[in-house]
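Q: So the chains spell out like this:
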Amino acid sequence: MNQKGPRLGEPASLWRMRIVPIASVMFASALPLMLPLIANSPVLPPLGLLFFLCWQLLRAEMWPVWIGLPLGLWDDLFSGAPIGTAMGLWTVASIAIAYSSQRIYWRGFFHDWAIAAASVAIIQSLAALITHPHAATGRVLGLVVPQIIVSALLVPLFMRLTGKFDNFRLKRR
Amino acid sequence: MVRPAHRRPGQSRKAQYSLFVAYVIAVTGAVAGLLLAILSVVDPIGFAQLRVASQEIAAPVARASRSVIGSISGIDDTVGAYVAAGTQNRRLRKELADTRRELVATSSLQEENRQLKALLKLQETDKTALANGYLLTSTSTSSKRIALLSIGRNLGVAAGQPVRGADGLIGRVLGAGPSVSQVLLLTDVDNIVPVRRARDGLPALASGRGNGDLDVRTLNIANNPFKPGDILVTSGTGGLYPPNIPVAIVVRRQDDGALARPLADPGKVDAVSVLRPYTPDNIEAQGLPGPATPPPAPAGAP
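Residue numbers (the working numbering), protein chains in the order written: chain H, 1 to 173; chain R, 174 to 475.
Isolated chain R (complex conformation) (with noise of 0.2 Å):
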């Protein structure tokens, strides 16, 4: 490219100012912005009706295109199926030969499986949740990870609850707006779940590392007792998360805890449910209709 011509402004007093404004503009206005970015990570429910208003312009563009490209990759998939069919055919019997002979060594598993389910007593979704919802679309340019949710405010949804999905916690709710609002995801780096392990309750802190899997760490500095596919599952410690949900299984050990990968995949999971905040008050109006449902249970008995 050529150097530009008009650079300098030579003689004329009206170009000459004009251009320092600009200067002048640009460079307090700078400041100002990376002052305002300090200012909203130190408070960011300060600016978050800003960020709801250009939500609410993606979440109707967002809802089409997901209908839209989620039916063309319904037709690729079958139409692969097709394609694929002779190849696919011989490389299911030979798993089916190799499944036969994992199905006995995995019986013994079985029982201690069953164990562990009884373990994690999963919630009943439908208990606690206080709406239902999907995942329409989330950042994917900066290392904030936060997902637009399909429903908002008009369905009583409000910061600060969480958000699971049939496998497994997703995340908690950071704002909500008239029609969508804002999840801040498991994996993102400043999101930190109380969780314990669910075999034998051992306390730890699991945080995003910001790439899809999860920090474990331990109260307990002194031994590192994690072991690859030890199940995590909230504590309801701190007061956000209800207890026993799912969170993740550790992948890795590592020299102060372990790699965790979560159970369930925001990007594949279909639908989510909002649940209530676990707090004293929410307990208590959940302990109320805990004793309410037996008479019933009675009534139908006889």
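Okay, chain H solo, but in the shape it has when bound (with noise of 0.2 Å):
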């Protein structure tokens, strides 16, 4: 028996199956402080909660449902919202994930589609609102009504790519 090479059927690296999720998840989150742009308004879509919402519909039992509150922790540390907002809101979202898919036998994939941009609209509308307390509130939707369409439509691209990355996840050796 050839103890050098892989055996036959099996399974993916325990820590590549952890990791990739989180990992992924993670430099969403913290890529927009990265790139080189000074934005006037909030123009790049949430890609952390993205990756984090299709990852919750591609894969509903792989995290626990308090998984939201270290993701959400390190995406505030980026993000410039305050500090325990995505924690509180990711985590909510969890939850109505977990619950929506014991509600909805069958999702398809305009089901996600629509729970996922659902979930956009109602996170980052509440973050704006707890991030400037004091505003007028048709003034501080507004400013996040652009990130939220187009959230909304990337969000089959990022189910893709979060598929792609299952793939990768899942590769056996």
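One or more hints might be untrue.
[Said to hold, decoys possible] Pair by pair, the computed Cβ-Cβ distance ranges are: (1) R:215 to H:23: 30 to 36 Å; (2) R:215 to H:163: 37 to 43 Å; (3) H:150 to R:411: 34 to 40 Å; (4) H:104 to R:411: 53 to 59 Å; (5) R:189 to H:59: 19 to 25 Å; (6) H:145 to R:412: 47 to 53 Å.
[What the hints assert, rightly or not] Sample of chain R residues at the chain H side, in silico, Cβ under 7 Å: (7) 234; (8) 314; (9) 319; (10) 362.
Just so you know, these hints were derived from the structure itself, not from any lab.
Keep in mind that this is a model prediction, so the values were computed, not measured.
For glycine and all other residues, C-beta sits at the position ideal for the given N, C-alpha and C.
Could you use the hints to bring the two separately framed chains together as a complex?
A: Here it is, written out as structure tokens:
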């Protein structure tokens, strides 16, 4: 028996299976602060949040529901929103997705798209309202509307990207 | 997607408990997170150190990507100049003819401009600048407008110092790390700058809209005195921003004031300088070199 090479049917490395989703979300959260872009308004979609939602829609049972706490804290450090915003809102989104996956028996592509788009809209609006409690509500929401529209249109792309990462994650040696 | 099979843990007590515990952690954590968010809105200083640590991670990459992407876009421009040479030539000739006509019209405006500039009395940046750096990157996914400045405590930057570019005010320093610091940009919703109209000193308040523009409101609401083209400079009231830094130009009148555009675009500005905050002890400290400089002048005059 050949001890050096991989064995037939051996599953993927456990470390890679665990690290890839978390690393992709963390990198996507930190990426906007690494680009040489001085933005005058929220121009980029929330990359970390989109990956976070897509992973949960693609692999419902991969993460425990509290995974939004550490990943949200990491996102808060880079996004500029008050620390704790994404911690709270992302975890609420996880619970909502876990609940919806119990209610909707056969979730299709358009279900996933709708859930992700609605989650991004609600999370970004609430985060903006928490960030600027004293400003006029309508104006603060007006700031994030373009970002929400762009994010909703980009959800299928992020689904595909997440799928690619998932293939890599589960690739057998 | 198929409904997950293991959502109900069945008869296993251990599985039931671990699922229950996960939900308990999630719910308490979410509530704690939102309370933390409210707390950090009320007291932003308390969590500044955590954020500074994350920015120290991001800054080296931002520096590298800034240099790389900056040079790539330079190449892009050079190639584009060759490709577009023919159309550009035609367009430039047409522009030249238009400009000649306009030049005659604007000569009368030049005198007015000279007077306005004399009124502005733009301060030399060198006199009050603590340090000079450049903006590396900024938050671009949240509604908060915070930029990263390439210098930090190593060059004496501290929270509360105003930051300006060559064209005008950029913002103020929120917090400083060892080698980078964060700047709250002028256009942030929470950034309010006391300004006055350069022409006649009419006091007003400029607050960011969050989308690159500023709202200007007078303290006297009875009438709306703004006209498009009015230039606003800092008034020095409130004691953070030194007076006479150009801030914005009025674009449009509104019901309750005016819409203004910042004179310095942080996305295009190259270098920025960090100034001393305009507090009484700093004014005195700057006042001391003021009388100290004239003695060399008579020595140089004869």
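Q: Now tell me if each hint is right for this structure.
A: Here's how the hints hold up against the structure:
For the pair residue 215 (chain R) and residue 23 (chain H), the beta carbons lie near 33 Å from each other, so the given range of 30 to 36 Å is met. The given range of 37 to 43 Å is respected by residue 215 (chain R) and residue 163 (chain H), whose C-beta atoms sit roughly 42 Å from each other. The beta-carbon spacing between residue 150 (chain H) and residue 411 (chain R), approximately 37 Å, falls within the hinted interval of 34 to 40 Å. At roughly 55 Å, the beta-carbon separation of residue 104 (chain H) and residue 411 (chain R) lies within the given 53 to 59 Å, and the hint holds.
Checked against the hint of 19 to 25 Å, the pair residue 189 (chain R) and residue 59 (chain H) passes, with Cβ atoms roughly 22 Å apart. Remark: the range hint 47 to 53 Å for residue 145 (chain H) to residue 412 (chain R) is contradicted by a beta-carbon distance near 37 Å. This hint holds: residue 234 (chain R) has a C-beta 4 Å from the nearest C-beta of chain H, less than the 7 Å allowed. Residue-level restraint check for residue 314 (chain R) holds (minimum Cβ-Cβ distance to chain H is 5 Å; threshold 7 Å).
The criterion of a C-beta within 7 Å of any C-beta in chain H is met by residue 319 (chain R), whose closest approach is roughly 5 Å, and the hint holds. A distance limit of 7 Å between C-beta atoms decides the matter here; for residue 362 (chain R) the minimum to chain H is near 5 Å, and the interface restraint holds.
The structure does not agree with numbered hint 6 stated previously, though it agrees with all others.
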